[in-house]
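*Asks:* What follows is the residue order along each chain.
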Amino acid sequence: MMQSKEMFDGTTDAASAQMTERKRRFFLADFFIRLVREKPLATVGAVIVLVLLITAVFAPFLAPDGFNETNAYARLQPPLTERADQPGRYWMGTDNVGRDIFSRIIWGAQISVQVGLYATLLSVAVSVLIGVTSGFIGGRFDMIVQRFVDGWMCFPGIVVLIVGVTILSPSMWTIIILLSLGGIGGSRAVRGPVIGIKENMYVQAAIATGAPTRWVLLRHILPNIMAPLIIIFTTRMPGMILAEAGISFLGLGIAPPAPSWGGMLSGPGMTYMYRAPWMAIWPGVALSVVVYGISVFGDGVRDILDPRLRGGLGRYAVAPKKIKKARNGSAGEAA
Amino acid sequence: MTGYVVRRVLLIFPTLLIASTIVFIVIRLIPGDVIDALVDERAGSAVEYDRAALEAALGLDVAIHVQFGRWLGVVPFPDGVGFNGILQGSLGKSLWQGYDVTDALMRRLPVTFELGLMAIVIAVLISFPVGIYSAIRQETWLDYLGRSIAIAGLAIPGFWLAIMVILYGSVLWGWSPPIIYIPLGEDPLGNLEQFIIPAALMGLAMSATNMRMTRTMMLEVLRQDYIRTAWAKGLRERVVVVRHALKNAMIPVITIIGMQLPIMVGGAVIMEQIFNLPGLGRLMVDAAGRRDYTVLSGAMLLIAGVILACNLLIDLSYAWLDPRIRYR
Numbered sequence: 011m012m013q014s015k016e017m018f019d020g021t022t023d024a025a026s027a028q029m030t031e032r033k034r035r036f037f038l039a040d041f042f043i044r045l046v047r048e049k050p051l052a053t054v055g056a057v058i059v060l061v062l063l064i065t066a067v068f069a070p071f072l073a074p075d076g077f078n079e080t081n082a083y084a085r086l087q088p089p090l091t092e093r094a095d096q097p098g099r100y101w102m103g104t105d106n107v108g109r110d111i112f113s114r115i116i117w118g119a120q121i122s123v124q125v126g127l128y129a130t131l132l133s134v135a136v137s138v139l140i141g142v143t144s145g146f147i148g149g150r151f152d153m154i155v156q157r158f159v160d161g162w163m164c165f166p167g168i169v170v171l172i173v174g175v176t177i178l179s180p181s182m183w184t185i186i187i188l189l190s191l192g193g194i195g196g197s198r199a200v201r202g203p204v205i206g207i208k209e210n211m212y213v214q215a216a217i218a219t220g221a222p223t224r225w226v227l228l229r230h231i232l233p234n235i236m237a238p239l240i241i242i243f244t245t246r247m248p249g250m251i252l253a254e255a256g257i258s259f260l261g262l263g264i265a266p267p268a269p270s271w272g273g274m275l276s277g278p279g280m281t282y283m284y285r286a287p288w289m290a291i292w293p294g295v296a297l298s299v300v301v302y303g304i305s306v307f308g309d310g311v312r313d314i315l316d317p318r319l320r321g322g323l324g325r326y327a328v329a330p331k332k333i334k335k336a337r338n339g340s341a342g343e344a345a
Numbered sequence: 004m005t006g007y008v009v010r011r012v013l014l015i016f017p018t019l020l021i022a023s024t025i026v027f028i029v030i031r032l033i034p035g036d037v038i039d040a041l042v043d044e045r046a047g048s049a050v051e052y053d054r055a056a057l058e059a060a061l062g063l064d065v066a067i068h069v070q071f072g073r074w075l076g077v078v079p080f081p082d083g084v085g086f087n088g089i090l091q092g093s094l095g096k097s098l099w100q101g102y103d104v105t106d107a108l109m110r111r112l113p114v115t116f117e118l119g120l121m122a123i124v125i126a127v128l129i130s131f132p133v134g135i136y137s138a139i140r141q142e143t144w145l146d147y148l149g150r151s152i153a154i155a156g157l158a159i160p161g162f163w164l165a166i167m168v169i170l171y172g173s174v175l176w177g178w179s180p181p182i183i184y185i186p187l188g189e190d191p192l193g194n195l196e197q198f199i200i201p202a203a204l205m206g207l208a209m210s211a212t213n214m215r216m217t218r219t220m221m222l223e224v225l226r227q228d229y230i231r232t233a234w235a236k237g238l239r240e241r242v243v244v245v246r247h248a249l250k251n252a253m254i255p256v257i258t259i260i261g262m263q264l265p266i267m268v269g270g271a272v273i274m275e276q277i278f279n280l281p282g283l284g285r286l287m288v289d290a291a292g293r294r295d296y297t298v299l300s301g302a303m304l305l306i307a308g309v310i311l312a313c314n315l316l317i318d319l320s321y322a323w324l325d326p327r328i329r330y331r
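Protein chains in written order, with the numbering used here: chain G, 11 to 345; chain E, 4 to 331.
Since the hints were made in silico from the structure, they are not lab data.
No experiment lies behind these values; they were computed from the predicted model shown.
C-beta: ideal position from N, C-alpha, C; glycine also.
One should not assume that every hint holds.
Just the calculated beta-carbon pair ranges, DEER-fashion [as the list claims (entries may be wrong)]: (1) E/Ala-46 / G/Gln-156: 45 to 53 Å; (2) G/Ala-218 / E/Asp-39: 58 to 66 Å; (3) E/Asp-36 / G/Tyr-83: 50 to 58 Å; (4) G/Trp-101 / E/Arg-239: 53 to 61 Å.
A few chain E residues that don't get close to chain G, going by computed Cβ distances all over 12 Å [as the list claims (entries may be wrong)]: (5) Ala-59; (6) Ala-60; (7) Phe-71; (8) Glu-117; (9) Gly-193; (10) Ile-200.
Produce the complete structure using the sequences and hints provided.
*Replies:* In structure tokens, the structure reads:
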């Protein structure tokens, strides 16, 4: 989204840039008003996303401890234990080396947000690159590219991750880049709309009048796939966060002592869970809440942006009743 | 129908070739310093290598086109070994313990396959009834309940749920997953007991997406003209829903099940790890920990092949579901 905005501002003259800027602002305001009015659940999701972002950005101020600050005298303390070293409590207990789990959860938000944002952005960029070129150029190029996409799609994300981290070193950026490769398969979701839009009269007209391909792509194709792109973005992000957690849980991802929520569940998290269940419970709760929030927010975004699903969904529920009414002889119009 | 099937089956070969090319390229991407590190790590293990021997084991010792030919099995190896590549069913030997990779994979595959199949069956058993009910009784409290559970199923990470099941299973009922694998052939009931919980956890996660898809597609189909006609004919609801709506709503749902296969492999990798099942995923995680590249590349290829085969089956099932595809 950000990327294309920059691109547009580069290609339009000042006046129309101002216009689109204003339109875009109205669009955003309109979007959030509709979100709050029509989608209470998605609004809850939006709030969760906001809280997550704030937590990640302000983690240094919010967390009582550093993410790897151990305290040998406070090992395996249950939640709500008074702290001896400073005022306050261990809200979520401590782990096997006496680290405050609450602090680690807060620091962990940084990893989840970074992986979620960067991996999703990169993967959408990959999808756009492949989907737009393949769909727009079409013909034999499209066929060859699609066979490669087919071949790539045989490899599940987790296999790519497992093999990838053994070849590259397992760091957060390795994982982000490996996750972004998922955009290759996801390019299908971009290619479809592009092929549809390409057939529109205005695109054909632009091509016929000799508009450069770059212009056609940026002015006519990209703006029209913005809605699907935003939907892809929000629906893809939870999977990215879960994938990072999964690979770190397997012990192949972001290495300890980094406070990855998935990593916190593996190793000591599992070996100590009978003695200190809170070690295994909180990271999962954090993951679930965050993924839930992004998912319902994404659903709301999709409902608002996808015109095919806009309104009119409640009809079937009415139909049988009306038919029954009609059968019983009372006046009822056909749905 | 025959034309469609033949075309679809033939299409699998180029894809398989591309997939194996990808695996081949992946092995070539191993940086040189990793190979050095491997030589050091292997010192004292079951199979020791010097750099040259390791490169030979990885097939890195000759020109790249020869490597590719040998890997595929269309160019012979020297020293009377002859053709010994994918086409001959050979995937090399484990760098770590020297066992035959193909043998190991074939021993592990049934475990993962059983787990996956059970998960799909469970997912379908949950998602179809709930999804259909949710669609035909839209906006009722049961619909909301079903949808809420589905979203929760999407949000809760499978591995965490598995950990919680083990934790609370042991705290509340003193149950814990068996440590030793029970083969299906030896003790079917014990095997079922061992598989049912990981499979149910995977199925639950899958059913969330399936249920949502079933519901959406049923809603779309139920608004079609032919459904109104069916109602107008005075058909019973069961007939309208099952005979007219369900079959038409199935194609996207089956597509989704197909698209979930790769995700399911991910679930299987994690469940095998947590529940001590000696499947492909476990093998891969172990191999990754030891950077056993021949095992990893073999597993990659096998998984790709299985997914391709399943996608083929799914495409063929469209022909059964939709006559328009059948006669094209």
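*Asks:* Where does the structure disagree with the numbered hints, that is, which hint numbers, in rising order?
*Replies:* 3
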